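Novice: The primary structure of each chain is shown beneath.
Protein chains: 2
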Amino acid sequence: MNADIIPDIIIGRLPVYLRALQQLAERGVQTTSSQELGEIIGISAAQIRKDISQFGEFGKQGTGYSIAFLMERLQTILQVDRVWDVIVVGAGDVGHALAHYNGFANRGFRVSMLFDNDPNKIGAQVGKFEILSMEVMAEKIKQNKIKIAMLAVPASAAQETADQLVKAGVKAILNYAPISINVPDDVHVQYIDPVTHLQRMTYYL
Amino acid sequence: MNADIIPDIIIGRLPVYLRALQQLAERGVQTTSSQELGEIIGISAAQIRKDISQFGEFGKQGTGYSIAFLMERLQTILQVDRVWDVIVVGAGDVGHALAHYNGFANRGFRVSMLFDNDPNKIGAQVGKFEILSMEVMAEKIKQNKIKIAMLAVPASAAQETADQLVKAGVKAILNYAPISINVPDDVHVQYIDPVTHLQRMTYYL
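Residue numbers (this note's numbering), protein chains in the order written: chain H, 1 to 205; chain D, 206 to 410.
Accuracy of the hints is not assured; some may be wrong.
Computed from the model, here is a short list of chain D residues facing chain H with C-beta under 7 Å [as the list claims (entries may be wrong)]: (1) 221; (2) 230; (3) 310; (4) 379; (5) 397; (6) 403; (7) 406.
According to the in silico footprint, chain H covers these stretches of chain D (three or more CB under 8 Å from chain H) [as the list claims (entries may be wrong)]: (8) 253-263; (9) 294-301; (10) 331-338.
These are calculated hints, taken from the structure and not from any lab test.
Bear in mind that the values here come from a model prediction, so they are computed numbers and not experimental data.
We treat Cβ as the ideally placed atom computed from N, Cα and C, and that holds for glycine.
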């Protein structure tokens with residue numbers, strides 16, 4: 001398997017397969033089929049078989065996929081067979097929601113710190129986190145070798161904050177600000193913008 | 206132009222183009238190129254030209270795209286040249302963030318109501334919204350001809366709540382619960398799950 005030749009579009013679907021497998025595993029199911037996965041996810045069974053076969057032979061004719069085995073392989077491929085510390089930058093509504101979110105557990109991530117630059121917020125408690133000053137952010141990122149940040153600052157501050165994160169060593173940014181940010185080629189950015197998802201659906205209404 | 210033949214993958218990129226164009230327009234820029242858009246978004250200029258050409262001839266050789274004209278066309282195509290009322294279901298952290306979010310303005314959407322089923326929350330004020338009981342949700346959806354809902358309930362309640370929304374007439378659901386939901390073929394679902402985005406990036410780290 002040569003990681004370089006797997007198209008990004010397939011990589012993007014693997015987390016969705018993994019989520020569906022975890023959902024089945026939580027119900028106590030032990031094997032599944034591309035048909036069943038397809039119905040859960042809303043992708044064709046043929047597409048799922050094709051995507052998964054890129055990484056080796058997993059399914060057995062007639063018996064389907066072992067959920068535990070396929071989960072383990074996907075977790076290894078996506079490098080979430082470990083736990084990544086992730087910081088949250090911006091302690092507004094979205095930052096609060098991320099600090100409280102319990103959907104990270106067992107999926108490879110743990111929120112480790114929460115930052116803001118508002119003197120009225122710094123030092124306050126959000127769940128189990130004390131809001132830290134963005135003045136110490138670069139230092140904390142370096143000390144703790146943080147590679148992943150969730151950016152939940154206002155759009156007007158997003159680029160400047162992203163620059164600080166990148167300079168401190170962050171290599172992956174999940175950007176909640178509704179604005180495109182520029183980063184060097186070796187830094188990955190994904191966007192969470194409810195409006196782009198909504199607009200994608202209104203096309204069909 | 207036959208809407209049926211435009212692949213969904215292209216439709217999914219149009220909101221991202223629209224966001225970048227609005228970003229440029231807000232800076233007072235009047236024309237742009239596929240090259241410039243590509244740099245903002247991180248997609249190749251060739252891909253952008255190809256996608257946009259599906260909908261007609263927009264660019265002029267040498268002068269590029271008129272931002273106002275292309276924005277207007279994309280807004281029409283995506284049916285966001287109007288304002289859609291959207292309801293928020295679930296008044297937890299994510300529901301609060303969505304009720305306060307100011308990124309919907311000028312992008313085709315307006316939060317119109319906020320629902321929860323917790324008696325301790327019903328009647329409370331979140332920004333300009335009073336939290337309404339989910340017991341009156343179906344009735345309010347029908348009365349106001351709501352077609353779009355943002356689902357921010359716990360995973361354990363997501364399928365049941367989605368069923369209620371669909372029965373009341375909702376045709377598009379933006380699901381924040383980290384679980385796949387089943388809906389009829391004529392209902393559209395998009396997912397906002399930070400973990401799938403994070404996992405897509407850890408593959409490359």
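Novice: Now tell me if each hint is right for this structure.
Specialist: Hints and how they fare:
no.: 1; hint: 221; verdict: holds (6 Å)
no.: 2; hint: 230; verdict: violated (13 Å)
no.: 3; hint: 310; verdict: violated (10 Å)
no.: 4; hint: 379; verdict: holds (5 Å)
no.: 5; hint: 397; verdict: holds (6 Å)
no.: 6; hint: 403; verdict: holds (6 Å)
no.: 7; hint: 406; verdict: holds (4 Å)
no.: 8; hint: 253-263; verdict: violated (count 0)
no.: 9; hint: 294-301; verdict: holds (count 4)
no.: 10; hint: 331-338; verdict: violated (count 0)
In this structure, the hints that do not hold are numbers 2, 3, 8 and 10, in rising order.
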